[in-house]
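Below are the chains, spelled out letter by letter.
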Amino acid sequence: MLLSSILIVTVLTSIMRDKNEYKKWVNRISLIILIYVLLINVNINNISDLILGYNIYNNMLIINNLNNSMINIILIIGIIYMLLLSYNISIIKEIDRLIIIRKWLSLLIIFNILGLILLMLVNDLILLFVIIELQSYSLYLITAINNESNNSIKSGLYYFIVGSLGSFIILDGTIGIYEDIGLTNLEYIILYIDNINIYNILIILFGLFIKIGLAPFYNYSITIYTLSPTMITNYISLMPKLSILTLILNLINIINLIHNNINLNIINLISLIIFISMIIGSIGGMNVIRIKTLLAYSSLLNVSYMLLAIISNNNYSIIAYLFYILQYSITHINIFSIILLIPLYSNLYLYNSNNNNNIYNVMISKYSPIEYISQLKLLLNKNICLCICFIISIFSLIGIPPLSGFYGKLLVLISSLNNGYIFLSITLVIVSSISAYYYGNIIKELSFDILNNYNIFNYKEYNISNIKILNKLNKNELNKNNLLYNMNNKDGDNSIIYLNNNITYIISVLTLIIILISLEYDNIIGGTYLVLLGINI
Amino acid sequence: MINLIVFSTLIGSLISGFLGRYIGIKWSRNIVCLSVFISLITTYILFISVMINNNEYRNIIMSWINVDFLNIDWGFLIDKISISTLIPVVTISFLVHIYALVYMNHDPHQQRFFSYLSFFTFGMILLVTGDNFLILFLGWELIGVASYLLISFWFTRISAAKSGLNSLLMNRFGDTFLVIGLALIIYLVGSLNFDTLFSLNAYLSTDMLTIILICLLLGCASKSVQFGLHTWLLNSMEGPTPVSSLLHAACLVIAGVYLLIRCSFIIEYSPIILIIILISGGISTLVSGLMAIASNDIKRIIALSTMSQVGIMMLGIGISAYNLALFHLICHSFFKALLFMSAGAIIHAVGNGYQDIRTYGSFLKFLPLTYICILIASLSLMALPGLTGYYSKDIIIETLYGSYTLTGYIIYWFALGSATLTSIYSIRLIYYLFFNKPNNPKYIYLHLRENPTLMYIPMTILALFSIFIGYLIKDLYLGMGTPLYNNMFIHPNNLYFIDTEFSLNTYIKLLPLITSILLCIILILFYELYYNKLFIYNSKYIKYIYKFFNQKFYYDQIINNYAYRSSLYISYLLNTYIDKGILIFLGPYGLSSLSLHLSNLINKLVFFNLGLIIELIFFSLFLALFIHSYSLLYFFIALIIFIFI
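Protein sequences, first through last, are from chains X and R.
For what it's worth, the UniProt record's numbering labels the leading residue of the first sequence as 1, then goes sequentially.
For what it's worth, the UniProt record's numbering labels the leading residue of the second sequence as 1, then goes sequentially.
These are calculated hints, taken from the structure and not from any lab test.
Check the hints yourself; a few may be wrong.
[As the list claims (entries may be wrong)] Below, computed lysine-lysine pairings styled on DSSO-like, alpha-carbon distance capped at 30 Å:
1) R:Lys-543 / R:Lys-533
2) R:Lys-547 / X:Lys-154
3) R:Lys-474 / R:Lys-509
4) R:Lys-547 / R:Lys-162
5) X:Lys-154 / X:Lys-103
6) R:Lys-543 / R:Lys-437
7) X:Lys-444 / R:Lys-604
8) X:Lys-103 / X:Lys-24
9) X:Lys-444 / R:Lys-162
Sequences and hints are given; from them, build the entire structure.
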């Protein structure tokens, strides 16, 4: 289905005129495709059928419950992302154009989702390499899609170089295994697992770690997440991790079949990597002033939590992994969609607090209009509901009890403690308290600067200048009535901007899921336990 | 029912404190008084059940601390000691609440006052009824805090705030040692339950017990104003009179005595502590008497007499006559509360705020009811036959002689002197208040009249108590078969009451009475006929002695100059160089700056250049190959290099 849909979208894209409305149409079609794929998957594969898992394509791929549920999660996240792409975010098109997209973005995303889904199903090392290339190349292209932006090109190039290094290392490991026993299929490798040099699997794992940017190889990921446009960062900082972490989970399950000291050594080594990632992910973000850099560190941190759940290899670990990845994706998407909305409220100018008359330009790229954490200050006065949603998401990242992040961390802690990783558990606690500092910094910027906000942004002037900018953008298309309304409003409520129903609906639903997850917590855990029944025979 | 005793006052306090501004003055007063009244009724019901019917109650609400072998429950124990202590506490607390209705009538912050008062009662009840040392300690701390709040209730006056701080500081000094004592008990027996510790008493090392008891004794000495830690008592007379009457007659000062009576099981196995208690009690009872005869503040005199009587209770503990100490504790509470209340009535009636007895005089015609109350209380305090004080006080002094030990004999003379001094300052107080020449302005006398009737109801009740209660419950506490022996332990070697009963001469028994009556008569004669002999500033030598006593042995000055200043200096140094110096540098500041520095480094690394990143990746690959080849040693070396790049 996905393959055929790619064809359709390719044809559509090539005949489409380069205009915003048409792009939206293409995106909506790909949205429909994704929803349809999800429906088909849900209808075909159910838990009772997949208890043992079955092989497809000549034993190249294997589907079991874990893979299946992760396919669903990836498709759902993809649908949410596509929803963001396919609708306007406000009623003013000129502002909407701030989030610039290319018309072939949706095509690339469908390619990439295909790659991500197949990557989790991999049962053969050759196919692993092929699919990881499929996934990676589409990611490089997505990263570099705004090719007129310097930063975007730069980050795409970084990603390409480092990602190809990772692929090279994976290939190295594959060669090593093939050299030892002459087999590439994972099921056969498991049979001869004691004969091969297990460090080759470790090298494959290292390659995967490079792909998701864990600690010793984290540098490039921070850079590209910071430099690429916000809309793209939203995608590339979340989606690859979902599938690659699942692949790592499968590989570690294989490693755990070995019963000797080598196994222990490997787990120790991965623990060390987790430890370093935790420390860097927490300390690195402390004096960061760019919001996307901060979120990149935060994602590094969260990936290391998930990896901790993965290596602990007991019944809880799968539950913890699935729950954590689900709630993290929701929180992540929520935060990024709010960040996407903030430029609507922001002036393209910032006022100097010392000298109110002196207005000067601050570098704000149109690809990522919200660059610095201090720009979030606007939100509280402009749209308090959005601000509250943002704060709730960050609370969830910190792990405040009734929110979803708390349960995720709790499950990770339980799974690691069940396996006796006391040192890593203590590190997790310390690190999450350190990371609470930089999350708290965002909350401080958001909410505790009311008076300061009030003085800096003199509303009347602010509105007038905003109108000037709007005029500059496009005089004809502005709605006159709205402008008049704005002039009369002394409070300076920037009400000319109404949010689109679509994005508000997404944000509110995601926030409600974050808040009310405790209601359905038992059911979620029960569901993940069913998944667990299928894979741990 | 136990829950009702303990928590009804807390509920009243919370309602008055938090909802006071919504329910208004009248209702908050009513609710607080009602809550204490409920506590009172249940206490009396339990008193009959426990003392007459020999029941014993233990109420464990829930588990509090459960670590290893240490189990501490929220448990309450009502046995004979706690119910006997509870009787004066709750009775006087209730009467003081009623008294305060009038006394604090014109105060704008009554809800707060009644909330504090009731909270104090809660703390005291918690202290008395707890079945382990931790609950006791909780109550101990609560009354410390509540007494601070009550003493500095009129906090806009600088002296009130200062004396509140003084009281808190002194009590904290004792509490520190109490905590150390509790820790040692945990170290020794692994539990804080009374039963566990007391049932092991004979098997524990005497030295260890002595150390524990010294710590407990220091805690008790600061609460129960023994000489050396007594300064807060005199300063705390700044608080409102109902507060003084509650704190310094019935509750705060007897907390220490209660703890020592409770610890009778272990005190008996440590003879050194008995002697220490005896000596400290003897010294403080005599010294406070000497201070009192030269003091001029009406409430301060009464406070010093409290100190003297608590000293006598300590004497009772020191000669292992715990039932005597407990009996004196009960009786003393009633007439001392009456004395405080009468003093408050006079202050309230005069209304100019002066508390110096030299400014009063000739109040007999104006305040007859108050005179009667103060006379009854004073006579009871002087231990005139038939009144309450006679039964409780003289028997302790006799037992000192009847113990036939050297220490007991010496302390007997101390106690005798104290008893004599008691009658001297009581007579002096009465004479100055009621019979002296009128020394106040005429305006005061024109407007001087008795207080509202409601104020005299608790005083009347207490007057009846201080006449009759000693006679009524004498046999219950002093008799040979008193049920109290079930809950306290007297080592057979220290059992003196048979000797006291049958071997003493009659004149020894009557000596305190004779001396006090004799000196009273002499004093009255001097006041009436030879007053010029009392112009002490004319005499060269008596002047200095008078100054010495009047300035309370210069103890405040000594403790200020030598203890407070040096300890303040030390704490200044600690604050500057340890708390705000090393600890801040290594702790919050250092950690935060270190982590920020690290964060800077990491971020520099991230945004450095592409070459470094590729280099790092290859480095990591080599790192993997290192492990591939040999041991972890290489790996750690590589890691260290990696960190320092």
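**Item:** Earlier hints that do not hold, by number
**Value:** 2, 9
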